[in-house]
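Chains as they are written, first to last, in this note's numbering: chain Z, 1212 to 1552; chain D, 1212 to 1552; chain A, 1212 to 1552; chain V, 1212 to 1552.
In short, the hints are calculated from the structure, not lab data. Check each hint, because a few of them may be wrong.
Pairs involving identical chains hold if they fit within one copy or between any two copies, as the list cannot separate such chains.
Unchecked claim - Lysine to aspartate or glutamate pairs mimicking DMTMM-like chemistry, simulated, CA-CA at most 25 Å apart:
hint, residue 1, residue 2
1, 1486, 1514
2, 1472, 1369
3, 1469, 1233
4, 1509, 1546
Number of protein chains: 4
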Amino acid sequence: MISFENDYSEGAHEEILRRLAEVNKEGITGYGNDSYCESAKEKIRQACKCPEADIYFLVGGTQTNQTVIDSVLQSYEGVIPAETGHVASHEAGAIEASGHKVLTLPQLEGKIQPKDVADYLNQFYSDGNHEHMVFPGMVYISHPTEYGTLYTRGELAELSDICQQYHIPLYLDGARLGYGLAVEDTDVTMEDIAEYCDIFYIGGTKVGAFCGEAVVFTKENAPRHFVTLIKQHGALLAKGWFLGVQFDTLFTDDLYMKISKNAITTAARLKEILKEKGYDFYIDSPTNQIFVEMEDEKLKELEKNVRVSFWEKTDEKHTVVRFATSWATDMRKVEKLGESL
Amino acid sequence: MISFENDYSEGAHEEILRRLAEVNKEGITGYGNDSYCESAKEKIRQACKCPEADIYFLVGGTQTNQTVIDSVLQSYEGVIPAETGHVASHEAGAIEASGHKVLTLPQLEGKIQPKDVADYLNQFYSDGNHEHMVFPGMVYISHPTEYGTLYTRGELAELSDICQQYHIPLYLDGARLGYGLAVEDTDVTMEDIAEYCDIFYIGGTKVGAFCGEAVVFTKENAPRHFVTLIKQHGALLAKGWFLGVQFDTLFTDDLYMKISKNAITTAARLKEILKEKGYDFYIDSPTNQIFVEMEDEKLKELEKNVRVSFWEKTDEKHTVVRFATSWATDMRKVEKLGESL
Amino acid sequence: MISFENDYSEGAHEEILRRLAEVNKEGITGYGNDSYCESAKEKIRQACKCPEADIYFLVGGTQTNQTVIDSVLQSYEGVIPAETGHVASHEAGAIEASGHKVLTLPQLEGKIQPKDVADYLNQFYSDGNHEHMVFPGMVYISHPTEYGTLYTRGELAELSDICQQYHIPLYLDGARLGYGLAVEDTDVTMEDIAEYCDIFYIGGTKVGAFCGEAVVFTKENAPRHFVTLIKQHGALLAKGWFLGVQFDTLFTDDLYMKISKNAITTAARLKEILKEKGYDFYIDSPTNQIFVEMEDEKLKELEKNVRVSFWEKTDEKHTVVRFATSWATDMRKVEKLGESL
Amino acid sequence: MISFENDYSEGAHEEILRRLAEVNKEGITGYGNDSYCESAKEKIRQACKCPEADIYFLVGGTQTNQTVIDSVLQSYEGVIPAETGHVASHEAGAIEASGHKVLTLPQLEGKIQPKDVADYLNQFYSDGNHEHMVFPGMVYISHPTEYGTLYTRGELAELSDICQQYHIPLYLDGARLGYGLAVEDTDVTMEDIAEYCDIFYIGGTKVGAFCGEAVVFTKENAPRHFVTLIKQHGALLAKGWFLGVQFDTLFTDDLYMKISKNAITTAARLKEILKEKGYDFYIDSPTNQIFVEMEDEKLKELEKNVRVSFWEKTDEKHTVVRFATSWATDMRKVEKLGESL
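Please build the complete structure, drawing on both the sequences and the hints.
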């Protein structure tokens, strides 16, 4: 069985394994107050060219979204994502469980359109009844999106402008950030993200780490007593250094970007193969997630040899599935798939 | 500097490191639906002699308490701990943030007294106004307690009886469970815990793992859709197998108990030394946490060479500090402390 | 100025005023444990032909929705309304503030379609990822809807069937229930509502009372300790009898239905007049709310003499406004409007 | 049966009844945006000599406490009351249900001691672990307390000083405020309360109104979008004017104080009688609640003719009961009690 099921089925980059073994018995102070976390933060600040960034390490994506969104929003505020955004659809109501409405906008290839955001905000404040409604308190985007697509630099700038105009933060979920930045055609850099977004997180779980996400507040805008808020959300790791060491490794010698490129290279070859074999792409994704629409019969055949993710039914006879590559995908596995198709 | 600061400053047992490296590139399915988790669960069931136990792996202690307590309680119910219980004092309000009152009882050496629990429950239902009050919905104990002390088998049986009488579960926080079970004098076994408690968790973070706690529902009493509830609390690890492998290792060849013993042996020697040197124990703890009351001046002196945890002030000139050993404590470090005192 | 602004701008029916004055100094026990509440409940049970119904009196609509929905749902569940449902749009996030997602479906004339509900539920359970999603735990309808429209008996039966199939309750928000039942053409009776709905509430605030909503659990399905839950939601009135007396009055000699009819009769005449004057109805509402779409210029003119509610903009030059009648609307006011147009 | 069960068993002062009937059919705009609310607010501002006060009307006490406390606190903060404070004991967990811990201090005659508050705050910030604890974010007092006792002007000033020093608000629950201010011996005026407290509420439910509490923010410190927050807590009354008219009446010609005095006069006579008859006062309360400790046998006897409230058991044979008078208590009822004892 050849698996392209997801991008979180391997462990950690071997350099992380090596360093964890190295510091394993050192005896390091708890809760992230250690030199490895400090070093990792400093390297991330440099990678973002954002020397004043305030950085925190959390364990997973849903946890990070819940903790950040709940901590940043006022209790009368909700968050605006695309209807396909992770916070809207696949977090089991984690945002609502912490008291906030998710105010979804339509998606286009997994993205929200700046114009839709502007219209929504404008209309909200025009509505005479808006005191009886949830205030829009944050715009949430994922980059890459849940459909593997990317915002352009222009779109980020536009979204940032709109958010500034309404005095609400722009928050970017970068669970797969490396895979977005490693695409050749993108005009978006880490630095751009730090400039346009008020808050973003750099995904570790899907890009080389056992687990871990680095939340970056770029505008001296971390919530007061954020450590207490992290603790309150059950998200403060006793061995914070376990995350610090991993991010310190990922941001040493550009490792994060180097290993991200592997996902893109293998995905590109995979797309080539799928195209040759006559598969139909459901969406044109430049990153490590490839969405293919197939007849159910053909899918059954495929699943004899290949593990992919079910995505959605498009009609009674067709299904969208996802092939995912990652930092750990071996090109030989891709070629092997080609042979087996 | 010799550190006895806490029991979570080292990483993972080397056998865990070895196995993580071994499976690192295997490509394992996500969210705990993997064979390592299954194997770990089976081994835990055997260790508890509780074949029908339902087991889940979470990342940290506060997260586990919050997720379990919120999922098990009805919304009109609160949880009863000792006033020194972790959920009452050091979780930044995680229980209240999920909507539940913490109904504290007085502590005696860190423990709640069965009689106090019985009186509380009896009085609650005698109060004509109890419909305007939070219903007691669960009894929470930590074993070892936050003061390193242990319940006896008789006390557990008594608490269990009271809980059954009022149809509420007994929940045991076993963040340091191994250290409790490894004490020679205790009459409490893992099997007893599974028998008397409706829910308990086996701490990994403080006993040999990078992170991870194994929640055990012993009476076919896991909440419906508990995976969804874990997800909603931001507590579902994408790479669930990362926890599974660690617990599978800890419960292979009795490793969990073997390494727990080291904490007790080193603590025993440490107590001997402290006693010889004339230190006063604040509480008589049989486990890996040793509480010493000192004059502030003497403490200042000590802290030049030794790192301990501040616990509390007893008066203006005296302070209680904690020395902690762990699975990873080297006896030579203890002896070195003896020399330096 | 002639006002058709809303249906809650008058106080209480004079018979209620009379009875409140009558019992004012009686000295009645608190929190709804009084004979007026008991009597009102009994009369409502008779009106519903539902002798086993469990009934509670709350103060307002949003409060009732929040308390009922939060108390009935499990924490992993959300509620399914139309996107125009009150709980989805105009309760300032009260449902989310109590931890639950609002799972909106498209609306057709303010109603959800049984087929859409069935499809949603079917698709949810077909989705392999549904453990990471909010479970649908209740269907919410308003009757009349926020657009004044009504479900048919057939639609209620169908919705009820679907809910039963998925073991989730059907909840009907009857803030304006009287106005729905008083329509001549409707085939839905109070008895039907008690039969098809698991929970519904009978609106008092908009139908003759100063305030008050009567929640009816029709299937012996009131949540355990519901009084405690009401208290916890800040919704338990000390002088519960103040609500009891009002509902007792409204359900004596069919007063509730009689005064509801006045809203329908005056609305019918109002519609006639508006039609004669060439106004365009935005939606065909048989109840006491009339939605008219107008050019903004014409609206400005109208607003010199008449107070209506802004509803929504349909384009840059057109607006939908609402005319509302009520139990207290004097027909002479309607005729006066006719003259002034 | 002569009842001294509580102070909320009568309806509204007859002048309120008269005015409600007067405006009943006027057609008044909703949600508190009406001239009666405005007028009531202005009169309250004058009564407090606090022209810049921001005032809101809510329906009941628990609702008011929940809405105010949740809206004012940050999510990492809790509220500090006496252990006997209403928010700590008899609100069914309403504060925790909105996410906040109740940080109780010991009570002395129902009051918290300024020194205890200062010590708590000082100790909190001295604790090295306070980032893992709930931050104290507000001090809550009731005046009169749940035991009928009163703070002195000096105590209020001291509490105010401490709160200012730690930058947290002092909040006074005035569910029975009138009864506190009407005591002859008190040195506390409404003006003092507005000066020393950052927020307080003036109870209507227990002092002459059907229902209603007026929340006063004295330092231009109302939470942003407080109307939205009220709505979100299910506490925004559609017919806001129903509360406005009541408070407007209560604050016209000093009615609130005049009728409050009746409770004090009748309570004074009641105490005299009880003293004569040899009853033991459990606590020395100067206001309208009188606590008497009795042998259970004697209590049984008493309850044949008199309705009082059970308060608490002091031992197996003794019980504390409460006699309450109110604005509506007829002196003849008191004398009749005297005769029957």
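Hints and how they fare:
no.	hint	result
1	1486 with 1514	within (18 Å within a copy, 63 Å between copies)
2	1472 with 1369	neither (27 Å within a copy, 54 Å between copies)
3	1469 with 1233	both (23 Å within a copy, 23 Å between copies)
4	1509 with 1546	within (20 Å within a copy, 69 Å between copies)
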